[in-house]
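> Following the hints, complete the assembly by docking chain F onto the known chain C.
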Amino acid sequence: MKKDIEITNLIDAYLRGELSSAELADFQQQRSTDPAFDLNVVEHENLVGHLTEYGDRVRLTSEMNAIHEEIDVEALKREVKPEPPVIYRLWNKYRVSAAIAATVAMIAVFGTLFSTGYFAQGISSNFTQMRRDINNIKRSQNALIKNISDKPSRGPVNPGQFGGTGFALSANGYIVTNYHVIKGADSVYVQNNAGEVFKVKQIYTDPTYDIAVLQIEDPAFSLASLPYTFKKSASDIGQSVYTIGFPRDDQVYGEGYVSSRNGFAGDTVAYQVSIPVNPGNSGGPLLDTKGNIVGIINGKQTFADGAAFAIKSNYILESIQAISQDSLEKKLVLNKRNTLTGLSRQDQIKKLEPYIFMVKVY
Amino acid sequence: MRKEIKSSVPADNEIILGILNDSKDILNRLYKTYFPMVLQLVLNNNGNEDDAKDIFQESVIVLYNKVKSGNFELNSKLKTFLYSVCRRLWLKRLNAQSRNVRNIEDFTDIIPVEDDMEKHEEKDRQFTKMEHALKQLGEPCKTIIEDYYLQNRSMQEICEKFGYTNADNAKTQKYKCLQRLKKIFFQS
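Line by line, the protein sequences are chains C and F. Position one of the first sequence corresponds to residue 1 (our numbering), numbered consecutively onward. Position one of the second sequence corresponds to residue 1 (our numbering), numbered consecutively onward.
Worth flagging that the hints you see were computed from the coordinates, not collected in a lab. Glycine is no exception: its CB is placed at the ideal position from the N, C-alpha and C atoms. Each hint should be verified, as a subset may be incorrect.
Covered stretches of chain C (chain F as the covering partner; in silico rule of three or more C-beta atoms under 8 Å from a C-beta of chain F) [what the hints assert, rightly or not]:
# : segment
1 : 3-10
2 : 45-56
3 : 67-74
Keeping only pairs whose Cα atoms sit at most 30 Å apart, straight-line, the calculated DSS-like set for lysine-lysine is [as the list claims (entries may be wrong)]:
# : chain 1 : residue 1 : chain 2 : residue 2
4 : F       : 79        : C       : 77
5 : F       : 24        : C       : 77
6 : C       : 3         : F       : 182
7 : F       : 142       : C       : 3
8 : C       : 3         : F       : 176
So that you can see chain C by itself, here it is in the shape it has in the complex:
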């Protein structure tokens, strides 16, 4: 082993060029005569060559890493980074303007819609609810002042801000009308054909079916038993119908027929009825020839002739069933006997008159 160490040192010295010329000649001599020694030298040289290459590469890499540290890669990146496609560049450039333009457009659209009352209307701008807009406020104020200076009356004499029609559900003071008639009301009064005014309170409202149930607050109020009944089944197209309502301060009779099974824009809750109706007719009863209530007038199509709409009577019944009977002061029992059948139209109307009310909303 001692010899091996010597040989290794000798080769190392040879590779480093530390041998003197005499030693070198001796070394070369030994290589040429001793093949084992020569192999040893070649192996050694090979290994040291790999080692040196390894060392060079390690050094070069560390030098490059040091240089790399000096480079501001982020700045370079910005300089050489791939340019985004045209659409992204346009977007980056114009997105603020686009956002502003979109906002302005939206404000314009919604502002216009809002100011023209698009959102205030229940169903559509093509649909007009038939409640009466009473705008002679001046007269009403005068009347009010006059009333105060005179004597207290049973209710305001003036025709409220809005008006509609309603009709009795039962003899003990329950009245049905349209939800849109009394929507947003401070107080609601009803006036009968004789001109008597009663204060009512809202018992139940159903915005989906556009139905509201009112009750006359006067505990003494009572009617004779109702002459009409409510039709449970659907009416056929062509069924003759009539209505009585308050498009003005007196009851007005209108006659027509059921013209379609569905209401405005396919609304299955209502019929389309060909009947003359005007603002104020909303909430009025729609009766067939036998004196059954088949519906309740609630609107008409604005730009079409003879297209009025009436909520089907079975939805009135549905609404009544939805009222909790326990919450009512008086029992709400629907009439089951029809006394109008067989009478002439004039007689039917005479019997109906006391059960139809003008609804006044303040």
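Just chain F now, kept in the frame of chain C:
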């Protein structure tokens, strides 16, 4: 779309000479001149700056090996050579990651570098092998070998550094270490 990276470019033969002389200044200028080009290549082809660094350093190693092996013929611009090597390396790496490579977006001319790549791959294998062998060798052998063969220190210095009582002990130690390294390196 395409930007040419402009900077004061050192002359090609100046660089070759600098490489042969192990000039740090030339390495510095070489690095700073050509790194942006490679960064651009890699960033534009699904890579990040770290990929660019690896690829570029590898290409410089290829260049150094080629120049130092003595058979370097400058039959293209140095820039083109480096770019072609980097492109080649990057394609290979993309393939290894099995990313979708249809076409790489080029920024300058390219030359075929297959021969150089083959040589480089062989050298790369040897390098990794040596790295593993040295790691397996353990201390203090690794340091003794590195000090003697890589740093070219004398046995006297090593003897003092490791606190051997005389140079013969150090020489024995070095002999044993070298024998073990030889065994690990050639057997693996």
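> Does each hint hold? Answer for all of them.
Going through the hints against the structure:
no., hint, result
1, 3-10, "holds (count 4)"
2, 45-56, "holds (count 9)"
3, 67-74, "holds (count 5)"
4, F:79 to C:77, "holds (20 Å)"
5, F:24 to C:77, "holds (25 Å)"
6, C:3 to F:182, "holds (18 Å)"
7, F:142 to C:3, "holds (23 Å)"
8, C:3 to F:176, "holds (13 Å)"
Hint compliance for this structure: every hint is met.
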